[in-house]
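Student: Sequence:
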Amino acid sequence: MLSSGMHRHTLPHGRFGLILNLFDKAKWLDDILNQEGLTKPVIVGQSMGGYVGQAYAHLYPDKMTGFVSIDSAPLQRSYVTAVEIWLLKRMEPVYAHYPWKWLLKSGSEGVATTDYGRSLMHEMMLTYDGNQKRYAQIAGHGYRILVAAMEKNLPYEIKCPALLMCGTQDHAGSCIRYNKAWHRNTKIPLTWIEGAGHNSNTDKPEQVNRLIEEFVADIL
Numbered sequence: 094m095l096s097s098g099m100h101r102h103t104l105p106h107g108r109f110g111l112i113l114n115l116f117d118k119a120k121w122l123d124d125i126l127n128q129e130g131l132t133k134p135v136i137v138g139q140s141m142g143g144y145v146g147q148a149y150a151h152l153y154p155d156k157m158t159g160f161v162s163i164d165s166a167p168l169q170r171s172y173v174t175a176v177e178i179w180l181l182k183r184m185e186p187v188y189a190h191y192p193w194k195w196l197l198k199s200g201s202e203g204v205a206t207t208d209y210g211r212s213l214m215h216e217m218m219l220t221y222d223g224n225q226k227r228y229a230q231i232a233g234h235g236y237r238i239l240v241a242a243m244e245k246n247l248p249y250e251i252k253c254p255a256l257l258m259c260g261t262q263d264h265a266g267s268c269i270r271y272n273k274a275w276h277r278n279t280k281i282p283l284t285w286i287e288g289a290g291h292n293s294n295t296d297k298p299e300q301v302n303r304l305i306e307e308f309v310a311d312i313l
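If you're matching positions, the sequence shown starts at 94 in my numbering and goes up one per residue.
Some hints here could point you the wrong way.
[Said to hold, decoys possible] Simulated crosslink set (EDC-like; lysine to aspartate or glutamate; CA at most 16 Å straight-line): (1) 182 <-> 244; (2) 133 <-> 155; (3) 194 <-> 222; (4) 280 <-> 244; (5) 156 <-> 124; (6) 252 <-> 155; (7) 133 <-> 117; (8) 245 <-> 117; (9) 156 <-> 123; (10) 226 <-> 177; (11) 120 <-> 177; (12) 198 <-> 208; (13) 156 <-> 129; (14) 198 <-> 216; (15) 156 <-> 250; (16) 194 <-> 216; (17) 198 <-> 177.
[Claimed, not checked] If you anchor each label on the Cβ, the simulated ranges turn out as follows: (18) 261 <-> 302: 37 to 43 Å; (19) 285 <-> 111: 31 to 37 Å; (20) 208 <-> 244: 36 to 42 Å; (21) 247 <-> 177: 17 to 23 Å; (22) 266 <-> 198: 16 to 22 Å; (23) 180 <-> 220: 21 to 27 Å; (24) 202 <-> 285: 18 to 24 Å; (25) 179 <-> 133: 35 to 41 Å; (26) 175 <-> 303: 19 to 25 Å; (27) 313 <-> 195: 19 to 25 Å; (28) 174 <-> 195: 23 to 29 Å.
Everything labelled a hint here was simulated from the structure, so no lab data went into it. Quick reminder that beta carbons are idealized off the backbone N, C-alpha and C, glycines included.
Turn these sequences into a full structure, and let the hints steer you where they fit.
Tutor: If you want it as structure tokens, here you go:
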């Protein structure tokens, strides 16, 4: 399913090394869409997925039919403070040295408000039970490539119809502040998901899915 260009960052035993960046992800997404014969996509991205969607919109501005951001934030450097940039670059040692039991609890409870949403996150994190170092490496790398994209100081303009969603209880970083500013500066419609945390799509899946369906129906 993957084009040959998508193999250049793999290690000899087939696992991806932590050297990819946000634009690699967007290019690989385009490779997948091309391989599947999918044109003019509506890109829906939650959290990191929203950043990939913005990188995709930057690289392929004429390909996207629509963009939906769920508990993500704008990639423009102007939205982020210098302190936030400094902290994001240094999250790997925080995750590596934080007691795993507490990290598991805070990670699960910090992204969702429902038992269902928290259990999904807990299950995902348990994949790294006994290998906290790997979890910290992956999380830290994600933050670093996010900062690297921001520090390029590119416009990351969304030229297609778009919709922002954010949980009213999203306490992951400054997501609520970012989305308020994103909406204010771009006039992209913003829908607040009442009572949802950072993973709105697991806290209020029916509402999120309905909003996506209505958005797509309106633009097609």
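Student: Indicate, hint by hint, whether the structure satisfies it.
Tutor: So, going through the hints one by one against the coordinates:
1. 182 <-> 244: With a Cα-Cα distance of about 12 Å, the restraint between residue 182 and residue 244 holds, given a limit of 16 Å.
2. 133 <-> 155: Satisfied, since the Cα-Cα distance of roughly 8 Å is no more than 16 Å.
3. 194 <-> 222: holds, 10 Å
4. 280 <-> 244: Violated - the C-alpha atoms of residue 244 and residue 280 are around 24 Å apart, more than 16 Å.
5. 156 <-> 124: holds, 13 Å
6. 252 <-> 155: Holds, at about 8 Å.
7. 133 <-> 117: Cα-Cα ~20 Å, so violated.
8. 245 <-> 117: holds, 15 Å
9. 156 <-> 123: This hinted pair holds, its Cα atoms lying about 10 Å apart.
10. 226 <-> 177: With a Cα-Cα distance of about 23 Å, the restraint between residue 226 and residue 177 is violated, given a limit of 16 Å.
11. 120 <-> 177: violated, 27 Å
12. 198 <-> 208: holds, 13 Å
13. 156 <-> 129: Status holds; Cα separation ~15 Å.
14. 198 <-> 216: holds, 11 Å
15. 156 <-> 250: Distance of about 13 Å is within 16 Å: holds.
16. 194 <-> 216: At roughly 13 Å apart (the allowed maximum being 16 Å), residue 216 and residue 194 satisfy the hint.
17. 198 <-> 177: Given pair residue 198, residue 177 is violated - Cα atoms ~23 Å apart, limit 16 Å.
18. 261 <-> 302: 37 to 43 Å: Since the Cβ atoms of residue 261 and residue 302 sit about 18 Å apart, the hinted range of 37 to 43 Å is violated.
19. 285 <-> 111: 31 to 37 Å: The hinted range 31 to 37 Å holds for residue 285 and residue 111, with Cβ atoms some 34 Å apart.
20. 208 <-> 244: 36 to 42 Å: With Cβ atoms ~38 Å apart, the hint holds.
21. 247 <-> 177: 17 to 23 Å: Check passed, 18 Å falls within 17 to 23 Å.
22. 266 <-> 198: 16 to 22 Å: About 19 Å separates the Cβ atoms of residue 266 and residue 198, which means 16 to 22 Å holds.
23. 180 <-> 220: 21 to 27 Å: Holds, since residue 180 and residue 220 (Cβ atoms, about 25 Å apart) stay within the stated range.
24. 202 <-> 285: 18 to 24 Å: Given a distance of about 21 Å, which is inside 18 to 24 Å, the answer is holds.
25. 179 <-> 133: 35 to 41 Å: holds, 39 Å
26. 175 <-> 303: 19 to 25 Å: This hint is violated: roughly 39 Å between Cβ atoms.
27. 313 <-> 195: 19 to 25 Å: violated, 46 Å
28. 174 <-> 195: 23 to 29 Å: holds, 26 Å
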